[in-house]
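Asker: What follows is the residue order along each chain.
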Amino acid sequence: MKPVFMTYTKKDLINLAVCMVLSVLIIPTFIKTEYWYTSILIPWLCLALATIGQQIVMGYTGQLALGAAGFMAAGAFAMFNLILRVPDLGFVGSLIVSGLIAAAFGILFGLPSLKVRGIYLMVATLASQFFIIWMIDKFGWFKNYDSSGIITAQDIVILGKPFTTPLAMYFVCLAVTTILTLLAMNMARGSTGRNWMAVRDMDIAAESMGVSLLRTKVQAFAISAFYCGVAGALFAFCYLKSLEPVAFDIKLSFKILFMCILGGLGTINGAFIGAAFILLFPVLLNAIGNNVFHGAIDATIISSIEQVIFGLLMIIFMIYEPLGMAKLWENLKQSIRSKLSSSGIKGIKSPVLKK
Amino acid sequence: MAYERKFKIGKPILEVNNISLAFGGVKAITDTSFNVLEHEVRAIIGPNGAGKSSMLNCINGIYKPQQGTVSFRGQVVPNITPNIMAQMGLSRTFQNLALFKRMSVLDNILVGRKLHTKTNFLEVALQLPKVKKEEKLNRERSEEIISFLEIEDIKDTPVGKLPYGLQKKVELGRALATDSSIILLDEPMAGMNVEEKRDMCRFILKVNDELGTTMVLIEHDMGVVMDISDRVVVLDYGKVIGDGTPDEIMANQKVIDAYLGVEH
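If you're matching them up, the sequences are chains A and B in order.
For the first sequence, this note's numbering begins at 1 and goes up steadily by one.
For the second sequence, this note's numbering begins at 1 and goes up steadily by one.
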């Protein structure tokens, strides 16, 4: 008989092992150029983490929120001030507290979700985006009265060891992202995630089963903001290496929203797929522009083309595959598996199709 | 009934006292009172628009009646909300299906175990041993309900993809998973064929018989109602026009008039 409950199936453990080997051993061995770490892998991990935050509130709990970048800014500036003013906390401690500070903002700006929903909630949550950025700009204390507007982020020091090379920073981001991703998966698969999805799918029935709408929604906003806050701190300290409120503008919020939707609402791995796509696609377009057309196309046109394609993709996915690229990936795996099994390769069983 | 009941019908578990509900100027329920005894199967019947579903929504706290109270085990419940009623041990199904469409059958039923889940999100995130233990117990109970309802083969299917009759079964399963002492069923057999109805009746009676769960159901099929319920309350235009055993109801002239129409 199958065990009634297991947190992780064998498949999950294999997936995790493959990801770990790939990211810890293979990538550092084969990729030596700094560009890959500083411009692709590090922002990818940071933004994927923020996208998980967006997933929790939007994909799992069904609350249309738009303001991830605001919470990222809160996390980033909290981190800067904590390292500056409370050096005893250390990097990891500051990171956690920054996340908690962002979570407090999440609770505050999640409260409208109790009264309004859908597009109105989206507008209400925009307040977080503008309020947090405004607050940081308005009160000099947050920037330590730096007049230049751009503050250099402090060096990352963990247990007395500096983490300043791109590779070291990549490992910092990787460690944080891995841990938080595993925690998110545990929540999503456990009773916490079921409460979120129950509220998303039918709130009145959820309430009749004893799921508190207030607690569940506020909890989702808080956890979401925590993820965004930590992601924002990493984004500022490992990727930008500077702090400026402008870096966390509404455009970044939209980017994270696109990553969430293209990756697939209500999936954790979709966050990584979506983030990779949105980050790599412009790189690919630039490469095509430079190598195929040899720079004949202006860079501004390329970036416009990029916007057009993103827009089109959003529409196409919303209509034909609301579950996004994560679902496409699942389908692909499924079809490969059934092809392999029908061609008689031993050891691979095609999944039993349910009625 | 000829057989001996394991759970003897007892004191009133639920009392509806003088409830009046209006939407704007439209009166849905007017000064209605009735009670439900512990361990009984109680049916609420009445023509379309008689206020039956509104009544359940008042009991469950989805609607706030302008007048009247609901008592649970002899105590008036102040500020009724669906959540408070769930905690007191009252569960329900909905007329137009209120399942979690994108979740699997098993997950839907597991949500019904919510009030038996005491671990918080942090403990779940860290997968502490007590979370695993609790999840295991909840899953075992859910699997029991799934095999009781004979829906093992669809337990991993997203509910939205199931036909109507099966969805109704899943909804009953979710209500059962709460281990409530009283379950309100809003038209559990609407849109079902004879065979499905017979199955559903069997489940309702079996639950009532084996677990002693008090059942309150709204149903249109008179044959079914008269067969399975201990007592019936009849609503018409938001008022009680009959209350008693199936035999008494069938002999009640007012009820016959309401259903067949009467010449004035």
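There could be a bad hint or two in this list.
Claimed, not checked - Each computed DSS-like pair below joins lysine-lysine, with the alpha-carbon atoms no more than 30 Å apart:
(1) A:Lys11 x B:Lys155
(2) B:Lys64 x A:Lys327
(3) A:Lys115 x B:Lys155
(4) B:Lys6 x A:Lys115
(5) B:Lys27 x A:Lys11
(6) A:Lys10 x B:Lys206
(7) A:Lys138 x A:Lys241
(8) B:Lys27 x B:Lys118
(9) B:Lys118 x A:Lys10
(10) A:Lys333 x A:Lys251
(11) B:Lys136 x A:Lys10
(12) A:Lys115 x B:Lys64
(13) A:Lys327 x B:Lys161
(14) A:Lys333 x B:Lys206
(15) B:Lys27 x B:Lys101
(16) B:Lys130 x B:Lys161
(17) A:Lys333 x B:Lys161
(18) A:Lys11 x B:Lys64
(19) A:Lys115 x B:Lys101
(20) B:Lys136 x A:Lys11
(21) B:Lys155 x A:Lys333
(22) B:Lys27 x B:Lys6
(23) B:Lys130 x B:Lys118
None of these hints come from the bench; they were simulated from the model.
Asker: For a C-alpha distance cap of 30 Å, please report whether lysine 155 (chain B) and lysine 333 (chain A) respect it.
Answerer: holds (23 Å)
Asker: Between lysine 64 (chain B) and lysine 327 (chain A), is the straight-line Cα distance small enough, at 30 Å or below?
Answerer: Violated - the C-alpha atoms of lysine 327 (chain A) and lysine 64 (chain B) are around 42 Å apart, more than 30 Å.
Asker: Within 30 Å, alpha carbon to alpha carbon, are lysine 130 (chain B) and lysine 118 (chain B)?
Answerer: Holds, at roughly 10 Å.
Asker: Can you confirm whether the C-alpha distance between lysine 27 (chain B) and lysine 101 (chain B) stays at or below 30 Å?
Answerer: violated (33 Å)
Asker: Would the hint linking lysine 115 (chain A) and lysine 155 (chain B) be met if the CA-CA limit is 30 Å?
Answerer: Violated, at about 34 Å.
Asker: Under the criterion that the straight-line Cα-Cα distance not exceed 30 Å, is the pair lysine 11 (chain A), lysine 155 (chain B) satisfied?
Answerer: holds (20 Å)
Asker: For a C-alpha distance cap of 30 Å, please report whether lysine 6 (chain B) and lysine 115 (chain A) respect it.
Answerer: Given pair lysine 6 (chain B), lysine 115 (chain A) is violated - Cα atoms ~46 Å apart, limit 30 Å.
Asker: Quickly compare the C-alpha distance for lysine 138 (chain A) and lysine 241 (chain A) to 30 Å and report which way the hint goes.
Answerer: With Cα atoms ~22 Å apart, lysine 138 (chain A) and lysine 241 (chain A) stay inside 30 Å; holds.
Asker: Take a quick look at whether lysine 10 (chain A) and lysine 206 (chain B) sit within 30 Å of each other, Cα to Cα.
Answerer: violated (39 Å)
Asker: Could you grab the alpha-carbon distance between lysine 130 (chain B) and lysine 161 (chain B) and see if it respects the 30 Å cut-off?
Answerer: Violated. Lysine 130 (chain B) to lysine 161 (chain B) sits at ~34 Å, over the 30 Å cutoff.
Asker: Assess, step by step, whether the Cα of lysine 27 (chain B) is no farther than 30 Å from the Cα of lysine 11 (chain A), and give holds or violated.
Answerer: violated (58 Å)
Asker: Below or equal to 30 Å on CA atoms is what counts here, so check lysine 115 (chain A) against lysine 64 (chain B).
Answerer: holds (17 Å)
When held up to the earlier numbered hints, the structure conflicts with 2, 3, 4, 5, 6, 8, 10, 14, 15, 16, 18, 22 and fits the remainder.
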